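Sequences and hints are given; from them, build the entire structure.
Protein sequence lines, in the order shown, are assigned to chains Y and W. Under the working numbering, the first sequence has 514 at position 514, and the numbering climbs by one with no breaks. Under the working numbering, the second sequence has 1156 at position 156, and the numbering climbs by one with no breaks.
If you're looking for bench data, these hints aren't it; they were derived computationally from the structure. Careful, some of the hints might be misleading.
[Claimed, not checked] Covered by chain W, per the in silico footprint, the following chain Y stretches (three or more residues, Cβ under 8 Å): (1) 48-61; (2) 123-132; (3) 178-190.
Note that this is a predicted model, so its numbers are computed, not measured. Backbone N, C-alpha and C define an ideal beta-carbon position, used for all residues, glycine too.
Chain by chain, the residues:
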Amino acid sequence: MTASGWIQLALYVGILALLTKPMGLFLVKVLDARGRTFLDPVIKPVERLMYRILGVDPQTEYNWKQYAVAMLLFSLVSCIFTYAILRLQACLPWYGAAQGHLSTVMTPDLAFNTAVSFTTNTNWQSYGGENTMSYFSQMVGLASHNFFSAATGIAIAAALVRAIARDKAKTIGNFWVDLVRINLYVLIPVCIVYALFLVSQGMIQNFRPYTDITVLEQAPATTQPAVQTLQMGPMASQVAIKMLGTNGGGYANANAAHPFENPTPLSNFIQMLSIFLIPSGLTYYLGRTVKSQKHGWAVWASMAVLFIGATTVCWWAESRGNPHFAELGVVQTGGNMEGKEVRFGIFNSALFANITTDASCGAVNSMHDSYTPLGGMMPMLNIQLGEIIFGGVGAGLYGMLVFVVVTIFIAGLMVGRTPEYLGKKIEAYDVKTASLAILILTHSILIFTAWACISDWGRAGLNNNGPHGFSEMLYAYSSAAGNNGSAFAGLNTNTPWWNTTMALAMLFGRFLMIVPIIALAGSLAGKKRIPQSAGSFPVSGVTFVVLLVGTILIAGALTFLPALALGPIVEHFLMTNTTQLF
Amino acid sequence: MSKIQEQRAKQHTEVALAQASDGIIRHFWMSIVATIALAVLVSGVYPLIVWGLAQMIFPNQANGSLLKDKDGKIVGSALIGQRFTDPRFFHPRPSAAGSGYDPMASGGTNLGPTSDKLINGIHKKMPDGKDDPSSFDGVKDLVAAYRRENGLDAVTRIPADAVTRSASGLDPHISVANALLQVPRIARARNMSQEQLRTLIDRYTQGPDLGILGEAGVNVLDINLALEDMKQ
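Right, dumping it as structure tokens:
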């Protein structure tokens, strides 16, 4: 653990904190159908045009059921759209640019898994981009969902926050207006500037065919020169939204570890910031909208505490390296370098791993499968806690608010008072929907993992034996149900059983969680806002932060500790105390 | 509350608008239209704007940062590592991408820290005496090979990056310590002074960015191109 690492961590958290307010204020304008922004002169006409094409009246709103139906149908239709593109990619444009190199067959189960994966903001990839996807599939089939699913997540969070702020309201917003405004005012403009920055660092953005290069070292007596085939394509435009929208689906198989996809430490730093930019801004949006900025910052602080804690443990574990390497005479001043890039080193790998799993991003700049047991456990735990540590765009905030409701309920029980959140009474229905959202996530993870463990199809995909193999399966379903998309990537999941069960876990983790949350929003919106009094439960300050963090950790620990004990924890003790290998 | 704050608070009071009567059929139709209309924007207009601007402002980067030798022949990308085994060159890290530095199969070993395969490797021969395709060099083999190639004794400790595989399998860099251990071998093979090579390493060490971000490393293709240039 080096001084430069601590400085970079401080720099990261500091810049993130500074960006939170401007981003939050901008989101306040965008997420209000009547809000005005400095981009209006350019974008307002496009926005009006979209409403005309869609036939939406932006002066109207939906109740929670209508909102949920609109969201579900849009997800369904756009999912089928992508499935069709993937299956038909050989007939669509630009297939020829990579022809001969697309060696992975686009089977129905792979296309289903991939379409669901991108629709649910998971971006789990059972394939490697460079040998599976045409430019058209990447740019239209996949990148479109990077926008759609991100905007959907933000829309749901906005609906929930509005519901909390409103007084005896029937409606929670207009899904189509939210969808259009988030895309037009936030995602597209930021991505244009961001993608150009990424290109300046060395990321590719072209439509050229894959390029053969005669490499420098040539064996003297061969007639066939040694060549290296370079992947080309519209990468920067896709990577910008993959990070900003916390999607995480790599353009190349190696994702953000690939030198084209993350060329420099500077591009790495900006990519890490862009993952948390919107989730962090949304906490400010929350504070501003419910008129309690302190509450917004308290939520931010709870997230920051969990983020810094997990990052530090992971970084510490990776810095210590692998004792088995040390025995062979390897000096690990940097730490465990297996599966890590020299330009990022230990600290930036560990930091990225935690950011990407705190959020539902899932991009990786190092291979989590090769982390030390405890180092690899932290990303897994981040996902299992529900990705509420800043979290996915929108998904992080609504997930966190579910925990806020549960915390207030528990605190209310402890002091024997009717729990009340910002003037809204929390009643049995609200606690039930909140609990349902948490239980769906945890059950999807544990039940699917258990099923895979006792099945031949499950164990057939393993790349590691012993406790690490169990960790691979546990990580896979955590990642799927949590809509993260990162992996202990040795696991081969491109089989019908894995593709299908993973797709189901992703669907449960996304939609079975969102529907109770929209129902919660509907219930909260309809309640009367009681004025705050001295007896109200304070939702800011240290006490609240401690209670919230405690609730999250207890819920997470109680649920997942037994499973983690069988995987990373036992592997840690085997690694440090024995010479046993698997 | 000051007046301005009061005004601000008023502006952001959440008031519901009238409720629309849109039903399921209507939402279904809007979903189809929205998917197509938004896809035109985010998968058509947006990437093409980025493509146009990138090709105008950063054409070199946008097309893969390709490097040319003195004859103008493309010899690689500044960002993508290549395989070097000849003693006259600096050697990159071991790679798990295909048969080594294959950009068509980027990735790491994905072997865990207690994997027997990762530590000890797999050594199988086919009946005809050739290596079985499942053969794999463990870290133990890589350490031995590194010592042998560079004429190091059994007590010299080896930098971790020299015997571990990167995440992408295309890592263009090696650590400075790794480069320095290779100096005597290259000096012998090329008849150069070790001093010259150390100066070269100094010149081709990149990073950290902005003096603080990331780690320093030597770009292997860059420095090997420089070595070839010096020869002529």
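To see whether the hints hold, each was checked on the structure:
Chain W is given as covering the region 48-61 of chain Y, and this holds because 9 residues of the stretch bring a CB closer than 8 Å to a CB of that chain, at least three being needed. Residues of the region 123-132 of chain Y lying with their CB closer than 8 Å to a CB of chain W number 3, which satisfies the three-residue condition for coverage. Counting residues of the region 178-190 of chain Y whose beta carbon lies closer than 8 Å to any beta carbon of chain W gives 6, which meets the minimum of three for the stated coverage.
Checked against the numbered hints given earlier, this structure breaks none of them.
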